[in-house]
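Enquirer: Residue numbers (numbering that gives the first Met the number 0), protein chains in the order written: chain A, 0 to 348; chain B, 0 to 333.
It should be emphasised that the hints constitute simulated quantities derived from the structure, not laboratory data.
In this text, all values refer to a predicted model and were calculated from it rather than measured experimentally.
Any given hint might turn out to be false.
Claimed, not checked - Footprint (simulated), chain A over chain B, 3 or more residues, beta carbon under 8 Å:
#1 14-25
#2 83-94
#3 136-142
Unchecked claim - Here are the simulated lysine-lysine pairs, DSS-like style, with alpha carbons at most 25 Å apart:
#4 A:Lys250 <-> B:Lys79
#5 B:Lys196 <-> B:Lys79
#6 B:Lys35 <-> B:Lys297
#7 B:Lys72 <-> A:Lys250
We put the CB at the ideal spot given by N, CA and C, even for glycine.
Read off the chains here:
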Amino acid sequence: MMQGRLHLEHNKRQPITIWSLAIALVILFVACLINGSVDIPLSQVINAIVGSSVEKETWRVIVMETRLPMACTAMLAGAALAVSGLLLQTTFDNPLAGPSILGISTGSSLGVAIVMLALGGSIGATFSTYLSVLTGALIGAGAVMLVLLIFSAFVKSSIMLLIIGIMVSYLASSAISLLNFFSTQEGVHSFVIWGLGNFSGVTLDRLPLFAILSIIAIAASFTLVKPLNALLLGSRYAENLGINLRATRNKLLLISGVLTAVVTAFCGPIGFLGLIVPHIARLALRTSNHIILLPATALCGAVVALLCTYISVLPGSSGVIPINAITPAIGVPIIIYIILNRKRILYFN
Amino acid sequence: MSHPSNILSTSRLAVGYRNGNNTTTVLSNLDLSLRKGELVCLLGANGAGKSTLLRTLSGVQQPLEGSVHIDGKDLNSYSKKQISRLISIVYTDRTLAGALTVYELVSLGRHPYTGFLGRLDDEDHRIVSESIIAMGISHKAQDYVANLSDGERQKAMIARALAQEAPIIILDEPTAFLDVASRVETMQQLQSLALEKNKAILLSSHDINQSLALASRLWLLRNDHTIIEGVTEDLVLAGKIDSLFENRQVTFNPLIGDFMASHNTIAVASLQCDDPILRQWITNALQRNGIGIATNPKDAFIAIKANTPSSIIVNNIEHTSIESMLTIIHPLLK
């Protein structure tokens, strides 16, 4: 019997990609702090953040109360949605799976709609209405996850489960339309604004709650690296490797549900990020190995969300373009590229 | 029937499907055993229940009756994790592993042994390397699975199964999508794995010829829902191979070791030829034209005497090729 190990060359592409993403993250983060209707020099931005004296008090307020929370929210939301999308794509063995497609986002939206329209709350009015919106989103996403879990007990095919998710999504949408129809104009207005998606709704004092929830859920996803890799071989191989399929699928759905619900509650339903970022990460790294793909996807999600945020803030005006007006502009070309090139893309073959 | 090297055995096993109150029995009354160091080929027609049997033996599907024992203990008494260290399986499923390197793919076989994140230690790396070397694909270790040929991909999947270090390896039609060269190579490698690494290897196949050449034992699935098992050559010589395809238009040719179309014989010819290869191919040419070889020269409607491929004498006229021989025989048949 032959002894010893094969000599393996070091993969340079992956560390280079990770470092590039990290540098892009820092640059975009700083850019988001500088960019806005009021011109604030970089030195003053840094002073505001580290707590040194700032020339104008309004600059400090703008950086600390508006731009910093928005940039942090974007980073966390982007990472959370991207990880959620990656978990769903591997679980369902389907590259087009994503939190919005499985109806998890719509479930959260329905929860939020019930709170905002039926109970007459509006986001951010008071901390308690804020919490009730969050609770609504979690319950809504939880309800959709529960439906998916119940069906997953006797629907073996992941594609069938995906279709059930889409159907549930339609039902939730129609419930939302009904709620809109019977609700006050004011309620509809604030719900529509929420539904456009934005990263600026999380204020500095609420940022810690959002950060803790999303970081815990992202960290939890790292416990699934091993079964996720086994699932690349398909469920039958995964089972032969000693993976408990049902328990794994339940955990995966639970974590991706929480990730989506938290982001949806705080930022509104953000489309496309969960769907496209895992693809960007796989294409850039040229690997499906989750031990590197999962952290890279989180990083890449933060970068893309910061980029969207940067674009959304129009320089020289106080307007902010809704995030959901930007994500399709980035997402659709990528999806079309992937569909057209799938024969040449490693992870489809 | 207990043998010291028996690793897997079944007693009065029945396999099939349970759908509510309906049970469909595919195979029943099976008393089979699998030994270390042996390559066993499971042969049978499509739909005879090969995959069902393999699924049941590997614990994916529950038996309808009877039991499967591994190392003397009922398969159901093992946990999933324990089974993953006893049986590794190679399917023909499509995988999403295209963006993994061969090395990463084979590393997945270490899952039952690695910790939380699936990190490999030195011992794991050694076993992964050895498995890749054993399948002869070490030059492809860092290639992406997506860029492999079908044969290389199948070898990588078998290397992954090897890295799982299970004493039993079950393969569902491992050579189904391979070209002839890869098919022969893969079968050869499986046989040496059984011998050199003392594995019990069970595979289902449609490739009768290769199975007969390399299998230690055969399990023949018959259409009466039973299995005949035995040492390959004993089954061939006892004429059991024919039972695979009863009532079909094929017969087993024990000289060639494969199934042939059963021809309707219109007439018989006498054939005199000392070269066994030449004799074989003249017979082949005659048989596909409905002419059998006469056991008694008196029954023959023509007499053929072949010396070399370019000297075939039919009714005293010399032909320089089988093509020319056939042009003279065709009109005679009408």
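Enquirer: Take the hints in turn and mark each one as holding or not.
Expert: Right, here's what the structure says about each hint:
| no. | hint | verdict |
| --- | --- | --- |
| 1 | 14-25 | violated (count 0) |
| 2 | 83-94 | holds (count 9) |
| 3 | 136-142 | holds (count 3) |
| 4 | A:Lys250 <-> B:Lys79 | holds (18 Å) |
| 5 | B:Lys196 <-> B:Lys79 | holds (24 Å) |
| 6 | B:Lys35 <-> B:Lys297 | violated (54 Å) |
| 7 | B:Lys72 <-> A:Lys250 | violated (32 Å) |
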